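K.L.:
Each chain, written out:
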Amino acid sequence: MMFELSEEHRMLKDLVAKFVDRELMPLEPAVLAREAQGQKVGLTDEEEARLHARCKELGLWGLDVPAELGGANLPVVALMGMNEELGRTPVPFYFPPDSPNLHMLMAAANPEQRRLYLDPYARGEAKSAIAISEPGAGGDPAAMITRAVKDGGDWVINGRKIWISRVPYADFTIVMARTGEGKRHEGITAFIVEKGTPGFHIEREIPMLGGQRTYEVLLEDCRVPEAQMLGRLGQGFAPMQLRLTIRRLQMGAWCTGMAVRALDMLCSHARQRSTFGVRLADRQAVQWWIAEAATKIHACRLMVLDAAAKQDAGQDVRTEASMVKVFATEMAQDVIDHAMQAYGAMGMTKELPLQLMMQKVRTMRVYEGPSEVHRMVIARRVLDSRR
Amino acid sequence: MKILVPVKRVVDYNVKVRVKSDGTGVETAGVKMSMNPFDEIAVEEAVRLKEKGVATEIVAVSMGVAASAETIRTALAMGADRGILVETDVDLQPLAVAKLLKAIVAKEAPNLIIMGKQAIDDDMSATGQMLAALLGWPQGTFASKVAIEGDGVTVVREVDGGLETVALTLPAIVTTDLRLNEPRYASLPNIMKARKKPIETLKPADLGVDPAPRLTVLTVAEPPKRQAGVKVGSVAELVAKLKTEAKVI
Numbered sequence: 000m001m002f003e004l005s006e007e008h009r010m011l012k013d014l015v016a017k018f019v020d021r022e023l024m025p026l027e028p029a030v031l032a033r034e035a036q037g038q039k040v041g042l043t044d045e046e047e048a049r050l051h052a053r054c055k056e057l058g059l060w061g062l063d064v065p066a067e068l069g070g071a072n073l074p075v076v077a078l079m080g081m082n083e084e085l086g087r088t089p090v091p092f093y094f095p096p097d098s099p100n101l102h103m104l105m106a107a108a109n110p111e112q113r114r115l116y117l118d119p120y121a122r123g124e125a126k127s128a129i130a131i132s133e134p135g136a137g138g139d140p141a142a143m144i145t146r147a148v149k150d151g152g153d154w155v156i157n158g159r160k161i162w163i164s165r166v167p168y169a170d171f172t173i174v175m176a177r178t179g180e181g182k183r184h185e186g187i188t189a190f191i192v193e194k195g196t197p198g199f200h201i202e203r204e205i206p207m208l209g210g211q212r213t214y215e216v217l218l219e220d221c222r223v224p225e226a227q228m229l230g231r232l233g234q235g236f237a238p239m240q241l242r243l244t245i246r247r248l249q250m251g252a253w254c255t256g257m258a259v260r261a262l263d264m265l266c267s268h269a270r271q272r273s274t275f276g277v278r279l280a281d282r283q284a285v286q287w288w289i290a291e292a293a294t295k296i297h298a299c300r301l302m303v304l305d306a307a308a309k310q311d312a313g314q315d316v317r318t319e320a321s322m323v324k325v326f327a328t329e330m331a332q333d334v335i336d337h338a339m340q341a342y343g344a345m346g347m348t349k350e351l352p353l354q355l356m357m358q359k360v361r362t363m364r365v366y367e368g369p370s371e372v373h374r375m376v377i378a379r380r381v382l383d384s385r386r
Numbered sequence: 000m001k002i003l004v005p006v007k008r009v010v011d012y013n014v015k016v017r018v019k020s021d022g023t024g025v026e027t028a029g030v031k032m033s034m035n036p037f038d039e040i041a042v043e044e045a046v047r048l049k050e051k052g053v054a055t056e057i058v059a060v061s062m063g064v065a066a067s068a069e070t071i072r073t074a075l076a077m078g079a080d081r082g083i084l085v086e087t088d089v090d091l092q093p094l095a096v097a098k099l100l101k102a103i104v105a106k107e108a109p110n111l112i113i114m115g116k117q118a119i120d121d122d123m124s125a126t127g128q129m130l131a132a133l134l135g136w137p138q139g140t141f142a143s144k145v146a147i148e149g150d151g152v153t154v155v156r157e158v159d160g161g162l163e164t165v166a167l168t169l170p171a172i173v174t175t176d177l178r179l180n181e182p183r184y185a186s187l188p189n190i191m192k193a194r195k196k197p198i199e200t201l202k203p204a205d206l207g208v209d210p211a212p213r214l215t216v217l218t219v220a221e222p223p224k225r226q227a228g229v230k231v232g233s234v235a236e237l238v239a240k241l242k243t244e245a246k247v248i
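Line by line, the protein sequences give chains A and B. Residue 334 in numbering that gives the first Met the number 0 sits at position 335 of the first sequence, and the numbers go up by one each step. Residue 184 in numbering that gives the first Met the number 0 sits at position 185 of the second sequence, and the numbers go up by one each step.
There may be inaccurate statements among the hints.
To be verified - Straight-line Cα separation of at most 27 Å, DSS-like style, residue types lysine-lysine; simulated pairs:
id, chain 1, residue 1, chain 2, residue 2
1, B, K106, B, K202
2, B, K51, A, K55
3, B, K246, A, K17
4, A, K55, B, K192
5, A, K17, B, K195
6, A, K309, B, K101
7, B, K1, B, K101
8, A, K12, B, K31
9, B, K246, A, K12
10, B, K246, B, K230
11, A, K12, B, K196
12, B, K51, A, K17
13, B, K196, A, K55
14, A, K17, B, K192
15, A, K17, B, K144
I should point out that these hints are in silico values taken from the structure, not numbers from a laboratory. Note that the structure is a prediction, hence the values are computed from the model and not measured.
Produce the entire structure from the sequences given, and follow the hints as far as they go.
P.N.:
Written as structure tokens, this is what we have:
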């Protein structure tokens, strides 16, 4: 048994590696400069359009979209290698469509919803967001209080959602709301709310670390037709969990890539830089950072591949995904931190990608579930599995 | 027109090569391997000729350990139609490769062979020339431009003094230099299609060739470490050092 990608999936990883080196890396200085000037960290419309055209040429589009919808139908395992390469640069880019909502729609959408929402989303023509967190329910989404009440042929949603990414650009947002009397994760239903629906107010933009933006949304008598209920009544939590699992595995791959980049930079600097007559590479403190980084990157990559392979085999990998998420984000943060420390003052500048990667990984320890919540969940499952 | 493109599996150009501690060769265990970059240029040139409608079939050939099939697969993903793997654990030297290629040429009857001018592992730069001699075919080596005209091929060669243009009659051998083209990267659909393209596996004995090495490698060693340089404070000091220490002026 070999713990590595298949030949074909290695070729796909190499393809993305070339894409990153030739198409994304040249944009990195501009992205860093935008961040340094306090602008939104992202690509311009022209840059994005050019990259998307290149992606279409190379077939880097609809990677995990089923073949009948025109996608490449790649398994999660293949995506992990490709996402690791994307992680090597903080230039924000993904191959459309973004995976998590794709998987949620595939799991929950009925034929009419597939036609209206999944198909254009799978083609990369429609953008989407998801509204889960609330001011009083973040790491614990089952505590949400946003409520949808049936009124004739419609559902009327009232509540407040926060920390939502991409919502102003989204053609539709999946809104999670309470519909029944059940406690915790019971009685939560997903609804598709189209852009511009009355009562769906984007209240404010919230600047975050790493030049990211999230939004707060107020739902005030927001009326959606029954046909826009996604999945079964009161059964919205499971498909939402699936989407979170996919994202957490993806984050594991991104973190591996980020750490690889940081280790590359650490090694190249350690071999060049001398202090007090000794190269950093010859100092034990730095050597231990390098050894730790290489070891943890190896471990992280294996954890990600293992969880992805199990996911592809149809197993429930929520526990593995939690382990990956905690380990990967903390591992990447350590490696980036050591690289920054080795670079000294240079590592503190906004000219190097390390600081932007550090900001990104800092937010990753919180979004899609803080490390502590994941540890709690892992511990609970471990305890429950013992007699 | 049928084009034969030999492709070699070598240590990836990004990897820092390390000499084995016993001095018998370089470390390849656990090292990323890729297609020789000059061979990638050869595949690209062949694929462009096919896209122009000049070539009808591209056959990629690799020789060596079983994993060389991966190198063929890369060529197939770039646009070659099928592959031939000559599988052997013997350390293949240029003459053996040229003889094996000659046997494949007898079987396949290509009109043109495009191959890398050298492989980046041993930098021998010999196989193309040896094959031309064995076949009695004309050769255009170190090509920076290739144009098929009728039953001939015009090759612009990069030579020390500048550029030399030669006209060859087909069948012929072209070896590629760096500036001939920029190889494409295999697109995702083509990577998936490559899986379905056939690779035929042969042994040297099937081709009636004894691939045993004719050269003996005595030892492989790292280049000697360069001494650290010194900074001079003035031109006068530089001139003095060149006279008294380096003794070059």
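K.L.:
Indicate, hint by hint, whether the structure satisfies it.
P.N.:
Hints, one by one, checked against the model:
Note on K106/B and K202/B: the hinted pairing holds, with a Cα-Cα distance of about 14 Å set against a maximum of 27 Å. At most 27 Å may separate the alpha-carbon atoms for a hinted pair to count; K51/B and K55/A meet this at roughly 22 Å. With a C-alpha separation of about 48 Å, the suggested pairing of K246/B with K17/A is violated against the 27 Å cut-off. For the hint linking K55/A to K192/B, the alpha-carbon distance of about 17 Å falls within 27 Å, and the restraint holds.
Annotation: proposed proximity of K17/A to K195/B holds, straight-line Cα distance about 24 Å (limit 27 Å). Taken as a hint, the K309/A and K101/B pair is broken in the structure, with Cα atoms around 48 Å apart against an allowance of 27 Å. Of the supplied pair hints, the one linking K1/B and K101/B holds, its CA atoms being roughly 15 Å apart against a limit of 27 Å. With a C-alpha separation of about 13 Å, the suggested pair K12/A and K31/B falls inside the 27 Å cut-off, and the hint holds.
Restraint check for K246/B and K12/A: not satisfied, since their Cα atoms lie roughly 54 Å apart, outside the 27 Å limit. Between K246/B and K230/B the alpha-carbon distance is near 18 Å, which keeps this suggested pair within the 27 Å criterion. Distance hint between K12/A and K196/B is fulfilled; the C-alpha atoms sit about 20 Å from each other, no more than 27 Å. Simply put, K51/B and K17/A have alpha-carbon atoms about 26 Å apart, close enough for the 27 Å limit, and the pair holds.
Under the criterion of a C-alpha separation no larger than 27 Å, the hint pairing K196/B with K55/A is consistent with the structure, at around 23 Å. At roughly 19 Å between alpha-carbon atoms, K17/A and K192/B fall within 27 Å of each other, so this suggested pair holds. For the suggested pair K17/A and K144/B, the alpha carbons sit about 25 Å apart, so the restraint of at most 27 Å is met.
Comparing the model with each earlier hint shows violations of hints 3, 6, 9; every other hint is respected.
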